[in-house]
Structure formats: structure tokens, C-alpha cells
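Protein chains in written order, with my numbering: chain A, 1 to 261; chain B, 1001 to 1154; chain C, 2001 to 2272; chain D, 3001 to 3340.
There's no promise every hint is true.
Pairs of lysine to any residue residues, derived as SDA-like cross-links and limited to a Cα-Cα distance of at most 20 Å, are as follows [what the hints assert, rightly or not]: (1) A:Lys136 - A:Phe34; (2) C:Lys2071 - D:Gly3280; (3) C:Lys2180 - C:Asn2165; (4) A:Lys60 - D:Gly3280; (5) A:Lys51 - D:Gly3280.
Residues from chain A that face chain B, not an exhaustive set, calculated with beta carbons under 7 Å [to be verified]: (6) Trp146; (7) Asp221; (8) Lys256; (9) Ile260.
In short, the hints are calculated from the structure, not lab data.
Please read all numbers here as calculations on a predicted model, not as lab measurements.
Cβ atoms here follow ideal geometry from the backbone N, Cα and C, with glycine treated the same way.
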Amino acid sequence: MTKITEKATSLLSEGTVKMIIGYEMGTERPRPLFCHTAEECEKLIMNAECKNNLAVYLTKKEIIGEEKIAVIGNYYVVKTVIQLQRENQINLDNLMVMTADENGEVITFTTIDEMKEYTDTHEPAPDPKMVAALEKIDKMSREERWEYWKSELSKCIRCYACRAACPLCYCNRCVTEVNCPQWIEPWAAPLSNMEWQINRVMHMSGRCVGCGECAAACPLDLPIGLLCKKMGMDIKSTFGEWKDGNVLSTYNIGDKENFIK
Amino acid sequence: MEENNNNFEPRIIAFVCNWCTYAGADLTGTSRIKYASNVEIVRFPCTGRIDFMLLLKAFAGGSDGIIISGCHPSDCHYTSGNFHARRRWMVFRDMLDFMGIDIERIRWSWVSAAEGAKWADVVNDTVDKIRKMGPYTEYKKAAMFLEEEKICHD
Amino acid sequence: MPYIMVVDKVTVEALGVKTLRLRFQNEEEGNEFEFQAGNFAEYSAFGEGECTFCIASAPTRKGYVECTFRKAGRVTSGLDRLEEGMTMGFRAPLGNNFPLEDWKGKNLVFVAGGIALPPMRAVIDNVLDRREEFGEVTIIYGAKTVNDLVYKEELKEWEERPDVNLFATVDPGGETPDWKGKVGFTPNVLGEVAPKSDNAIAIVCGPPIMIKFTFPVLEKLGFKDENVYTTLENRMKCGIGKCGRCNVGPMFVCKDGPVFCKTQLNELPPEF
Amino acid sequence: MEELIIKSSDIKTWLDQIIEHTPRVIAPVKQGEKVEFKSIKQSDDVDYESQTTVSSVKAAAFPRTETLFAYEKEGLNTKLYDVAKDNFVETVIWRARPCDVIGFKPLTSIFNWDYKDELYNRRFEKIAIVTFACNTADKCCFCTSVGGGPGNTEGSDVMLTVLDKENVLVEVLTEKGQKLVDLAKDLFEKAEQSIDKEAVLAKIPAKFTKEQIYKNLAKVFDNPVWKAQSERCLGCGACAFVCPTCACFDIQEDAHGNHGRRVRCWDSCGFSLFTQHTSGHNPRPTQATRWRQRIMHKFSYMPDRLNIYGCTGCGRCSRACPVDMNIAEHLTSIAESSHE
């Protein structure tokens, strides 16, 4: 009976929460689990492979309903909750955010500042494979980069798993589903796939928490995680750590740039 | 790339803000300053309204170069339109570069209503630069993906 | 491949609602083409796409085909921009039809709501052209407001006809001072009019909510399930039973419908 | 049905012959950690270790994006043009799996039910399939539960089964297959009769039977089992697009001024706007209703209409799913359950 299951069972039996969202072991890798009853809490686990960003369910009314629920997520779930709160998409008094550290101790957050303090101190190391891939691309010339991205993204079958797995992609009518005007062609073609990725990452600029779930969700393992990573690094280097509001929806008179003459 | 450049006339699209750059371009006309004619101007209420997708649609539609211009910072008719735009362009430009789209073909500038001459220079420089770079064929080829399926015209 | 049709006449029915009268561009296709009341068609506005409407004119009126639509999205705005002489695409006849043959000699009750009069008009005109073969004809047609009523001249024409009793109604609050017809929701008006249900067939057509409210009223009036018909309006793309989106339970609305008898609907899961 | 033997080393030369004589050869190629079907130009690109590819091979006959017709407007008139004949080339699919190949059966029946879809038929009749039987299987495979099997020869033109280190059993099943074998006649010898193919094939325990599922599905339409199963489903299209038997498509328009094309592209019942009416009413509003539609369509509606099941048990949807919606697990719970 791990501490998580103990905590979850107590929460459910006392009725403080109606449902708990956590992880359970799936066919080969952990997957999201929704516990409504105590015995379902037995299956709750928390380890390094638990990667799914559970915050994606917090904006879906049909799942969370009106009552109070709890979520036991990894580092990125906590960070996403901060971002969702900043965009006032979630109602904090209906949500209990919890996580577990390495030896299984359950940490419960009551306020946003506690979450911010936790996320600032527990930043996981960047994934070395991604850093290496980014360097490889930076060394390429412009034409090589164009060929690289065109060949990679022409494989995309437009299943939108990257959009579905992303907790910050909660629009109920995405830009691809709007047809007057038809911004992005809805069929799979190299250029429209690139336009789709550019659009997705531009709408994420300054909001993305870097959980990497879009890349993990892609059935073809396309390197779309690099786009979000690079966007995140560019934003951090040009605008520094942005605290209040999103980068593109606010402005600063003192922004410096060198290309507008 | 040199030999076909002499007869290549680049097609440039200019996204301009109505209050400053469009007025500036107007001034260029009234003061009889000559500038290259292959620019098609698209007027926007403010640079803040220029959506980044429009640039991609311009390239896909066959233009070889883009000029984006608006009011100087802090004299925007809507006070903060160009600040937002500036941020959007900074973020968008890095992303385009990372994806290998040729950002040299996009000219970003501030042209106020009084700078008629500057508008002519901006246009002429861009047209010469794009003429040297030649047509943007790789983007147009990617945009023609559906045409690979041949049609029988009998 | 769709037929090419030339737009002969454009009539504006109500705010945003238009009727297009179409003629086949090449004559032989026009002469060979026949359809039944209840069939629908896929109309293409080239450059915008394709969308699904019923064929609003009766098969007994040769030489032209009519369709009525409301300007709602990309394709309908494309159709809305068409003027006389312009061409558009037309894929028909699709779907099944109203079983007119086995309604001979029966009384007919038509219940239509808002923009759903066009599919009914195809049947009504067909019945009126062979008036003597059918019994009494009652039409109950409701719309939100007075100028939302479609086919205003036809409504007048049906009113004057002695052998058709027409009850046009508008939703409460939609009437204008000189409105002589009834006021109230279509199902309630149906309850007031209370047509006799023996030897009678009821045909209901309208938005899903209206269908759901009208069925209980018909039951109360004694209409047995096998005497009640309706046409369903589901999202359609191919119209030929392939693209897999218009199904209600095991039935494809585009191939096994759109005309369904209530007995069939009862077996289907509540998915329309 | 001729049985021959070929040396493993000669397979490469045979493939070279096939590549030379066929305009397009599609085979699994390794890209990063994933293996995908791609058209290959030389024989050593092919990857032989992987169990199955990510996407199925249906794209060879039902491509992701396909032109239906082109139109051109001149003044008031519009001209329509059909697709050129030479878009459809002879194709050989190399190293497919039995579960890929049976996938073509439901696809063909959908596209030929009532209205014959020419575009699909033109592509499909030009396809010859060389299948490799499965010596291994992984956790997601359940082909034996839906009437398939690792050595099932249905739908293939030539079936190769790796017996041991050097020789491979070749079963020639159709004359298309015969034509392929004739390209390198001398590499093959007659096989003696005593070859036991089953011994080398992978053992996959059957988890349930289709009939059980079909029977139970008739009773569970508005049962909460759908909500429970689909709670974690995110509503993306991955399962439908990698599935060998999913044939749902969308029709869109590619317009450029006065000319353009009508395009058919893949679509999925998992998307929320798949059945959305213009009025906003959506007959399948929640994810549970869409997950129910996916299972009911494959295991109850298709058998009713075309008496063929819409699933080959390849397990691709479970591998491609971001939240691991394991279809075999869900189907087993439906089969065992006697939900009333």
C-alpha cells in the first residue's frame, strides 16, 4: 500500500474529492487512470516513466464535472496547472493538486505560490537527446534545415495527437477546423503539415511548459518536440522569465531587436 | 543563379499599417519619388492585425519577397499595436529561421507618415535584393503538392 | 462526377434563405434524370465544397430542379453568391424516397418546421399533382417568425385550394400585427388541429428537437408508429454510404434514409 | 498453390529483380526508432527485424490525400476533368504482415458496397503483395482472436515463412504471385512435403472470439462501460489513421482562383466535429459516444451490412495511442462481461 494509494483512498472515502486522476501501469508504459472508487486506487503508481500530462483532462468539462477532484501528477502537471490558472481556465477550489517525490512522499499544494516554489526548485534536467538534436539542426545551413523539416513533416498523417495530448490546446474549435477562411489545408501535404506545426507552436509561444507530451504522443515520433523546445529557449533568451501573463498577449516598451530597420 | 536574374521580376507583397506607412507611401507618390512597381500593398488598420499566417500564405501564393512595415514604436494610432506586432515578429522570425524558411526575403521596417523617401528606399532595396536572390522556387514547389497528381485534359 | 447545372432563377425566401431553380447544362442528362420525392442531393459550389440538401421540387414538374438553403457556412455562402446563368455541381438522386405508392387513398398530415418545408414541398407538390389518388391533405407548418416562413406564394396558393387545409403558425412572439395564422409551437398547434388518425399517414420534418416533441403528440392523436414518417438531417459528405459519418446505429442515413418510418427509428439507438 | 524453397541469401537478389520490373515497391524502412512503409529503390533499405510498421499499408490503395476531380471556371461555365490514368502504377508490397493484408478485405468491401469506388479499385487491382509470416508477436497482437493468424495466407499473392537460418518456405497463392516468382525462376526449388509451417510461427493465445463480441455488443449500447473505457481517450485520430481497415474520409476543396480540385483525405470518428451539424447539434457529443461508435462500427455494424469484421487484430491502434487505449483489453472486458 504505497503512500499515494493510502492518501487517495482516504480522500475518496472521506468524500473530500469525487475522483482522482493519476497513473496506472498500462501494456508497456504508464497511462492515465481515473479512480472513482477506493479499490481503483490500488493501481495508482508514480515513477519516472509516468509522462502523460494529466492536466489535459482538467479543461474537459465532460470528464471533471462540477465537483472537487484531485490530480496526482508529475512535475509538468503542476507547472501546467500554474499556466492554466494564469489563463483562468481552471477553478482552483475544485481542484487538489498533488505530486510525489522520489521516495513516494505525497506533496499536496494548497496555493499557487507553493506550486511555483516547487516548480522553480525541482526543474528536471533537459533531455540530452533533444539538446544534441537541437545542436545538430543549428549547425545545418538554411537549405538543409528546410529539406530536413520538409522531409520529416511530410510523413505526418495529421492525426492531431500532438494537439490532443497538449494540456494548453483546449480550444474547442481549432484553427484547422475553421473553414471560413481556411487557414490551413486539412489534408496531409508537406507544406500544410509545416503550416500546421508553425501555427501550433506559435500559439504555444510563451505558454508551453516543455512537458514533451506532443512529441511522445506522435505515433511516428516526428521531431515536433524540438520546435517547442527551441521556441521555449528563444523566448527565455529574448524576454527572460516572464511572470505576469503570456509573452505574446502582453508587451514591453523596452523590447530590443536588431532586424527592424 | 546569375543568368536568369536579368529577366526575373520579383513579386513582392507589402503588409502595411494604414496610419503611418500607407500614408508614407501616399506621400512618396505625391512627392513624385520613383520606386519599383512590383510591390502589391495590402493595407491593415495596424501592424498588430498582421497575422503571421499571412506571410506563409503570401509565400505559398507565389510571392518572392515580403515587406512588413508599420508605425514607429510608441506612435502607433492604437498605442500598443506595434509593440505586440514587434514581439510576434521577433518570436516568428526565430521560428521561421529554425524551420529553414528564408527570412532574408522578409523586410521588417518602421516607416512613419512623414518618411515618403524612406518608403521608396525600403521598396527599392528589397526589390534589388530579391531580384539577386531569384524566385523562391522551393516554397512554391512545396505548395504545389497536389499538382503532382496529373489530370487528363482531353 | 457531379452534373453541371445552370442557375435559372434565384428567389429570396427569407433572411439568408434562397431558392435556386436549376436546369441541366446538357439536355440529354436533363431528360434522362428522374428522381423520387424524398431524395436528396449534394450541391457543389466550385471553390468552396459540397453540401447536402433535399431536392425541393416535385418529380412531376419536369425540366427543372429546385433547392432551398440557408446561408450558414462556407459552401452555403458560395451558393448564396450564385446569380442567374452561373454554373454549379449537382450529384443526385441520393438516398431513398417517400413510399407514395402505398399511401394511395389515405389522408396525409404534413408537419414541417422552419427550413424543413422544402423536403415536404417535394412530396406535397407531388401529391397535389395527383390529388385525386389521395384523401384529405392537412399541412401544419411553423417557423420562428413571420418573415422566416418559406415559399410564401405557395402557402397562399395552398390556402385558397379547397381540398388542402393549411395551418401556418409562428412561434410565440414571432407574429406581426397583420398575421392571420396561428401562433404557437408546431407540436402544440398539431395538438389543437388534432387531425383524425384513422387511415392517415403523418410526415414530420424539422430539426431533431422538433421531431422529438412532435412524436408524442402524434401518439396521443392515435397515429400508429408505422404510419409516421420523417426525414433525418445528418452531417453528410459522400452521400453514397462510404465516408462513415451519417450513421445512426447500423443504418446509414444517406443510403438507408433519409426517409425513415417511426418503427425503424424505434429500433435505432437514440443517436440522431 | 505451389510450395517452393528459397535460400535466405537469395531473397535479396529476388527483390532486386522485383524492384527492376515494378514501377513502385513499398517495404518497411527504419526511420529513427519507428518503421514505416515507404517506396524503396534498392533492396537493402528494407528492415527485417521489426514486428509491424506504425501505419498500415492501406495508403497504397487509399492514400492520405487524393484528388477526386479538377474543375476550371471560364466565365459562367465550369469544366470538370477526371484524374489521369497514369497516376495508378503497378505496385508490389514487400514484407507485409498477414494482418496488413486481411485489412484490404474490409476496405475493398466498403469501397465496393453498392457504389463501386473507381479510384480505390484502380489502385487496388494493380497491387501484388508479398507477405512474411510472423515468427514473433508482441503484447498488442491479437490476430488469432479475430479469425486471423500469424501464417494466414488470405489476401496475399506470395507468402514467405522463414523456416530456419538459410531456407524460407515460399507459398505461391495467385497468378500475380506466380508472375513475381517467375522474375527469378532459378532461385527457387520444389519443397518436399514434410515442412511443418506451424512450428516456426508465433504462438498468440486467442483472448476472445468475434462472435462473443458481436453478441454482447447488441446489449451494451447505452451501458456505462463506454464511459469507463474511454475516460482517458483524448479524441485524436491516431488509431483511425494507422488502422488497416478504417476507411472514413473527408471531402475538401483546394481552390486557387478560378481553378482547383476536390480532394479526399482521411478523417476519424474520434474527432469531435466529425458529426457536428451546422446547427451545432452533435449526435455524438462526448468521447464515450465516439469510442462506442468505433467499436460498434467494426464489430457490429460492418458484420451486419457487409458480413465482414472491421478488425484484423494487428494492434496498431494500441501501439499508436498516446494514452495506451489497448483495444484487445477493452474487447476482452466486453466479451467476458455479461452486462445486462
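Cross-check of the supplied hints:
1. A distance of roughly 40 Å separates the Cα atoms of Lys136 of chain A and Phe34 of chain A; the hinted pair therefore is violated under the 20 Å criterion.
2. A distance of roughly 15 Å separates the Cα atoms of Lys2071 of chain C and Gly3280 of chain D; the hinted pair therefore holds under the 20 Å criterion.
3. Between Lys2180 of chain C and Asn2165 of chain C the CA atoms are separated by roughly 15 Å; this keeps the pair inside 20 Å, and the hint holds.
4. This hinted pair checks out: Lys60 of chain A and Gly3280 of chain D have alpha carbons roughly 18 Å apart, not beyond 20 Å.
5. Pair hint Lys51 of chain A plus Gly3280 of chain D does not hold up; C-alpha atoms about 35 Å apart against a cutoff of 20 Å.
6. A least Cβ separation of about 3 Å between Trp146 of chain A and chain B falls short of the 7 Å threshold, and the interface hint therefore holds.
7. About 18 Å separates the beta-carbon of Asp221 of chain A from the nearest beta-carbon of chain B, more than 7 Å, and the hint is not met.
8. The criterion of a C-beta within 7 Å of any C-beta in chain B is not met by Lys256 of chain A, whose closest approach is roughly 9 Å, and the hint is violated.
9. The closest approach between the C-beta of Ile260 of chain A and any C-beta of chain B is roughly 4 Å, which is under the 7 Å cut-off, so the hint is satisfied.
In the structure shown, a violation is registered for the earlier hints numbered 1, 5, 7, 8, in ascending order.
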